[in-house]
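Participant: Each chain is listed here by its residues.
There are 2 protein chains.
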Amino acid sequence: MGKKVVIVGAVALGPKVACRLRRLDPEAEILMIDRDDCISYGGCGIPYYVGGDVSEIKELESTVFHVRRDCSFFDIYKHLTVRTRCEATAIDRRAKTVSVTDLNTGAKEEIPYDTLVLGLGSTPFVPPVPGADLPGVHVVANLHHAQAIKEMVQKGKVSSAVVVGGGAIGLEMAEALSDLWGVETTVVEMMDTILPQAVGTEIAKVVQGEMRENGITVLTGDRVEAVIGDPENGVTAIRTANAGEIPCELVIFGAGARANTQLARDAGLAVGRFGGILVDERMRTSDPNIYAGGDCVEIKNLVSGETFNLPLGSMANRQGRVIGTNVAGGHAKFPGAVGTFCLKMFEIGVATAGLTMRQAKLAGFDPAYALIMGTDHAHFYPTQKFVFLKLIADRTTRRVLGIEAVGANGDAVKARVDAVAALIVRGCTVDEIGNLEVGYAPPFASAMDILNAVGNTLENVLDGYNHPMGMEEFIEGFGQEKFRVLDVRSEDNAAPYKEKFGDRWINIPQDQLDTRINEIPKDEPLVCFCNTGLRSFECQRYLDSKGFKTLCNVQGGHGFLSKLDPEFLN
Amino acid sequence: MGKKVVIVGAVALGPKVACRLRRLDPEAEILMIDRDDCISYGGCGIPYYVGGDVSEIKELESTVFHVRRDCSFFDIYKHLTVRTRCEATAIDRRAKTVSVTDLNTGAKEEIPYDTLVLGLGSTPFVPPVPGADLPGVHVVANLHHAQAIKEMVQKGKVSSAVVVGGGAIGLEMAEALSDLWGVETTVVEMMDTILPQAVGTEIAKVVQGEMRENGITVLTGDRVEAVIGDPENGVTAIRTANAGEIPCELVIFGAGARANTQLARDAGLAVGRFGGILVDERMRTSDPNIYAGGDCVEIKNLVSGETFNLPLGSMANRQGRVIGTNVAGGHAKFPGAVGTFCLKMFEIGVATAGLTMRQAKLAGFDPAYALIMGTDHAHFYPTQKFVFLKLIADRTTRRVLGIEAVGANGDAVKARVDAVAALIVRGCTVDEIGNLEVGYAPPFASAMDILNAVGNTLENVLDGYNHPMGMEEFIEGFGQEKFRVLDVRSEDNAAPYKEKFGDRWINIPQDQLDTRINEIPKDEPLVCFCNTGLRSFECQRYLDSKGFKTLCNVQGGHGFLSKLDPEFLN
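Going down the list, the sequences are from chains A and B. Residues are numbered in this note's numbering as their position in the first sequence, beginning at 1, plus a constant of 6. Residues are numbered in this note's numbering as their position in the second sequence, beginning at 1, plus a constant of 6.
By construction, these hints were calculated from the structure, which means they are not laboratory data. Just so you know, these numbers come straight off a predicted model, no measurement behind them. Mixed in with the good hints there might be a few duds.
If several chains are the same, the list does not tell them apart, and a pair holds so long as it fits within one copy or across any two.
Unchecked claim - Below 25 Å or equal to it, Euclidean Cα-Cα: the simulated SDA-like pairs (lysine to any residue) are:
1. K391 - E353
2. K339 - A414
3. K555 - E33
4. K555 - T103
Chain A extracted, bound-state conformation:
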């Protein structure tokens, strides 16, 4: 007789555990249960189903070979038993049994286990506002909601929609509604910028700019107070604290999710500060006969050392394999994660790993950053596209804490972040990024890749050669007349700025610095400015050596300014 293994939850983690375990242990008696009848689906594909990139919902439930992953699939292909509409209601850890209820018949039963695996998932958070239960209000939780949303949109019932929450799921849904269906879409985010868990405010604003250019209204620092409508006709509007009433027929709450842990809590398993089940490196809960993984657990953040929730399908899959190996008697580890993240938003891609500046400060680091504008491919190669790259490190140890990137070629943007993420996991210094070996050929990179460039820039910042000023500080400070600008670009480039800002915007092209050095004001706050931050750094260094000690250098230069504040000149 094989080992009895019961797996609760059959969406992402569960199936991975079960299939891995079966491949290692042909004898194990594996039972996987789920309270839903949709199982083993690619929930991350829901926005693309709604948006039309994925035409039929069954594609999200099918293998690469177009076989639907239903109970019979798991039986025939994987030699596993799966029961759907079957809910686990209690665990008796001493007796090693799970109480389950058949949701179709109401029948109850105690199922014995040798090893129990919890893949309980998470539940989207819906703020307790009036009207949150009206028809037309949805979450992005499973294929039922996905289908309901797509039906409403397909039938032309939605001319306006509001998405509550500016995290990944909220943004992906907003893009889906707006892009194919032309739904007038508003995103409401409580924090000052979107994607607050993933990126700092600067990169977030680039994404917001892209959304606005594509017709999405982004309301940040705002909060939903009520959903308006009636049970018969459904939603007619939403009311927010700042924007008032926004008419809409569809509301999607994408404001984060809460780990499903009631079953675990009731059984006395340890739960962490973010409400997820605590697990060790082998994905065991506080009961060594019970494993857990996926959205319902907290894992270690390998940068901060604290635990965090990271509800991603990729986590569930990798953790599932680790659990499968361990349940089969192997010794696999999941040491934690650095929170690598990526997102497509219309024509741009954004990717990040590690901590943002804010998160780094909260975790007790003394972070500094560099931000550069560059190109993904050689600057002379026709397919080259812009990238903004931000690297964050601790001033004292020079340890890399995070990286954020956004640009027009998502694969190339993500590539840079993935390479650095691999090193952040191990702990690496800025200097290693400056000298990182990435593949080079003009169709794919510059000889000095943007990763090397941002590493070198941050080295120069930490070493005191580069006196950087962040773009947000620049925009605010210039508005408050805290300094003047020394624009070292060509006269053509600088002309509109000189015209608007008069003697607050000094233009001396880099090749004239030497001969016109007397025109540069000494001993007053002056900020060097070019197209990317590269030439302005060189000029700052040159002027430093000539006794100008009060110069700063704007990170990202005109390229970044025009993305972050397209109205700067107006």
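We have chain A; now place chain B onto it with these hints.
Facilitator: This is chain B only, laid out in the frame that chain A set:
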């Protein structure tokens, strides 16, 4: 008075050293010399200039801001002195002087240095065959050759060309000639497959297939014996050992390059077994007052521990920065490289890092590999493209030794290799690749990224769960009737194979394995086959557990077979 620094060579390494040094040390007296009058150009862009992606040669000599990097540029922008057409002929290490000759006037002079930097570059290897000096024979060495080649082609003088050498430069030139200009192009490579330094034979054959599909003739295992023609009319043909005479008007030798080290050798500096100047981690030669970098040095291969030549613009740039920092009194290191490489070839991209199987064996490892076919993006996402990914590791230590990838989206292919390369530098095991954290969202990756998949596959190989058979072994062995095939794909998929190969090609779809298990021959060599190698592995495991002990599993499945041997069915 600042430190006297003389830099010999002003193409890639030299300018980087000079500019970095200037930014750190405003006082240094920097003199950079070059025997050519073209300096600071992107030599790696030459194929793209010839092929038309880069329309004017000056783009290769210009900054992002379209300023031409000539002597005056270095003077005005960088505050450096550059002398062109000025050749270094000898070094007197005791006196610390360099003898230079002005190639315009013939004037000779001794220039004193405190620190000398050698960026001597390399010289393309031209085999000593008759006719190698005829008009119409070129190398890819500098912009003069580039211009001459493009002129010949542009003027319609070339209907056929032969490129000698199937390395990166040879292939890029072949693509350039064939793609835009429609020149009938033949590549002659001495080894059995192209790119022998970069990839194993399997991945190389995928690239060869792409070239053939785009009209290029690839002759491997062949050697040029003579270039035929006369001094007046130039080249008319080339003769190879196997293919005989191939008519052509243009011959390009792209058969590797030799480090330029005469100056260093004459001065008694240590030179390595591959003919490059030996340097330490700080890029110092055996004389601590003399640094060297770029194509003329040997660096440490961080996988094999031996030294090797890696003539890439990216190496020169990063080494140049290290030298600049060190000459300025800093302490920067260049520990070595793992040989990361990438190449675009028509519609595919290929990328590699570390050692090939052959190189790994030569270096004393006991390597195993896994090869998978997968998609770069989620399989249900419309932009997904194929990728073949090969991971190589040592059986004993499980250390990752190399990775090779080829696929239709070059940025996505390179991304996977760059992430692994970052870890190979540090030394990492297969298990870390299986659990590597890369960004996940359906437009950019699968929940289980292909990197994780290839890591897991190799784990299964090393752990004895997966009994792999390489595709070349499969093709050869099946041809020699060494085994029969168990095709677990659908009947439709298998039909043409069954028809052609009769009872040597058994088809039992995976979902019928259980019920038709009696049809499967026991105790004879049998090879499991599916579309990618994934289902065949699962079936092999299942049948293992049922007592079938003689099964292997073809790596890469039908997807790889059809790329590697499109004629298999014919």
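Participant: Would you mind marking each hint as holding or not holding in the structure?
Facilitator: Do the hints match the structure? See the list:
1. K391 - E353: both (11 Å within a copy, 18 Å between copies)
2. K339 - A414: Close neither inside one copy (36 Å) nor across copies (33 Å); limit 25 Å.
3. K555 - E33: This pair counts as between: shortest inter-copy Cα distance 17 Å, intra-copy 74 Å.
4. K555 - T103: neither (73 Å within a copy, 37 Å between copies)
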